[in-house]
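S.K.: For reference, the chains in residue letters:
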Amino acid sequence: MKSIRRELTLKLLRRLFLLVMVLGALLYLTMRRVLIHDFDSALLAKARSLAALVQQERNGSIELELADEPAPRKNDVARFEYFEIWFDDGQLFKRSKSLGERELPRPSIESSKASFSDLTLPDGDWGRAVGMNFLPPLDPDPETGPPSANAIMPHHPHPRALLVLAQSRQGLDRTLVHLLLSITGCGLLFPLGIALTVRRVVRQGLQANDRLAAEVALLDSHHLEHRFSIAACPTELEPVCRCLNDLLDRIETAFVRERRFSDDIAHELRTPIAELHALVEVALLCPENKAINQKALSESLAISRQMERLVSTLLALARCASGDQPLLLESMDLGQTLEQIWASHQEQAARRALVCTWDVQPDLRVQVDPTMLRSILNNLLSNAVDHCPEGGQLFIQAHAGSGAVHLILENSNDTLREEDLPHLFEPFWQKDKARAAAAHSGLGLSLVGAMGRLLGVTISADLIERERFQVRLDFKRENA
Amino acid sequence: MRVLLVEDSIRLQEAVGTGLREFGYAVDIAGDGEEGLWYAESNEYDVIVLDLMLPKVDGLTVLTRLREQGKTVHILILTARDKVADRVRGLQMGADDYLIKPFDFMELVARIQALIRRAHGVKSTQLHLAHLAINTTARLVSRQGEPLNLTPREYALLEFLFLHRGEVISRSEIEHHIYDERVEPMSNVVDSAICGLRRKIDLPGAASLIQTRRGMGYILEERVP
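Line order of the protein sequences matches chains A and B. Just so we're aligned, residue 992 is where the first sequence starts under my numbering, counting upward by one. Just so we're aligned, residue 102 is where the second sequence starts under my numbering, counting upward by one.
Any given hint could turn out to be false.
[Stated by the list, open to error] With a cut-off of at most 25 Å between alpha-carbon atoms, the simulated DSS-like pairs for lysine-lysine come out as follows:
1. A:Lys-1424 <-> B:Lys-157
2. B:Lys-157 <-> B:Lys-172
3. A:Lys-1424 <-> B:Lys-184
[Stated by the list, open to error] Computed beta-carbon distance windows for the label pairs:
4. A:Ala-1344 <-> B:Lys-172: 39 to 45 Å
5. A:Ala-1204 <-> B:Ser-143: 52 to 58 Å
6. B:Ser-143 <-> A:Ala-1344: 31 to 37 Å
[To be verified] Simulated coverage check for chain A against chain B, where a stretch passes if three residues somewhere in it have a Cβ under 8 Å from a Cβ of chain B:
7. 1262-1273
8. 1281-1287
Quick caveat, the hints were computed from the structure, so don't treat them as lab data. In this text, a Cβ means the ideal position worked out from N, Cα and C, and glycines have one as well.
With the sequences and hints as input, model every part of the structure.
M.R.: Rendered as structure tokens:
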């Protein structure tokens, strides 16, 4: 399994290590350049000082006014220098005692700029040399003072000289090695320190993540009302918290629906069984009581019929949902079918003093399964008649529209609210939480919805000014 | 013993009511929570059998309100809700027992009997006094080992006196616990019932186990000669 902490630590370490290596290399190269430059500057300064000691005397001879060179001592790095001076005709003018009979490589320098190079010193050490051309200055006249820089001795040749000064770079190399070792050491220790720091920082940084995970782990079906505090979570986790809260909203809604569904189904299925059970048991307790026995028998029959209806509806719903319900499409006159179905509800409507208004266009033919159409209309009219308040109004309207036949069933309403509308087509949903209406199990509209989907009939329910409940069915026209 | 049945299913009201009456219980029936609350607040019941999904006021609200009023009557919840969470909730809210529909009627009766025993601090189902013995489970009464043939109401009266033996029980208490709202007890109905019961339980020539305390009521106790 991927660990964000491990992934983050490894990536950070990899990149930091690379960065440290590159920075270390850059630092070393820069320092090396600076140190060599300083070394060269010092070497050049020495070479210039040495060149300044070479003077052309009044008699035309060239002299090097150098104090007695001390004999070089081993390990005296600063003093361990070698030089040679040539004239531009190739004649050797002067050589340091340290060279003995050995020679320094003679560079060919055209310009007046000094040239630096590495070389192997006569004693075998690794060294660095500077080569420079110079014009030996004239010896100053005690009477006229120092001559100008470009003054020459008349009647005497004024040769250019080439000076090569070499010095051991042992000290420089040692410094460079120390520098390299220090940078490498730091380069190795730094990632180790960073690894520990990164590990700690990442762990601290991901603590919010751990807290969130622990909070999520506590969630179960009994704590679905819990919501994650957006204000308390880090900005990066805010979208996660929002998504989790949205998810919890949906899960809670689903759980509430599921709980209600299981409570409703328990009530609808267990109550008639309990009734049957109690009726029969009590009848068996009083075998000689004919009235009780007769009552038990008739009630048992009524219960079995009620359960048969319930089971048939459930099976029809299941068949519709699984697509196993066969469709036998026929051309039906919607108005005529409405009248036939209404006939079976008319008596109940009259008993409840309902006022029914008809506005049904003739010859409205629709292509439907006749059984399903009758079931749909029967359920809708039964609901309208039973749920309409006593003395209320029913409105049945059917007319042809563009490519569709519209059926509108409307009844007065004093119980349903806007928030009930999304639940109307859910199985077993009833407005009365006590489910006291024995004639309705809450499956009618679910079945209407399922059959409507099979027939391609669009069904919608709405409340008009909270006083009228309207169900609208849009059938495809037969020739559309 | 008087039982209140709060149940919206008319068939269950009738079946359970009839069955309990056959067992000698006085049974009042309420069809919704509001009515049930009114009955429970107006009368003294030994046990209330309460459905949860009730019109007007749901069963849990009825339960809560009764407990808030300090009513200690034993309440048995009888419902189709079978989830553990529902059972736990019902019991935690103050119910004494929980029975899920569909139920065995004899189990309901047994649970009601157990609640009544619990209400009177009695553990055994066998009660003895002098030559009299009662088996509250089988609802059998015997005198010197011979079974007696009592009507359900006579049995209920005797059981009530047995559970309060040594205590003086007023006529009105007997009326409240033995007769339900369907019976309008006449002024001498309790006296007549006591008289009939004495004839059946007392030994010929011996002092009656049920004694009258003039102006106060009746007491069931063994008379020491």
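S.K.: Of the hints stated earlier, which fail here?
M.R.: No numbers; nothing is violated.
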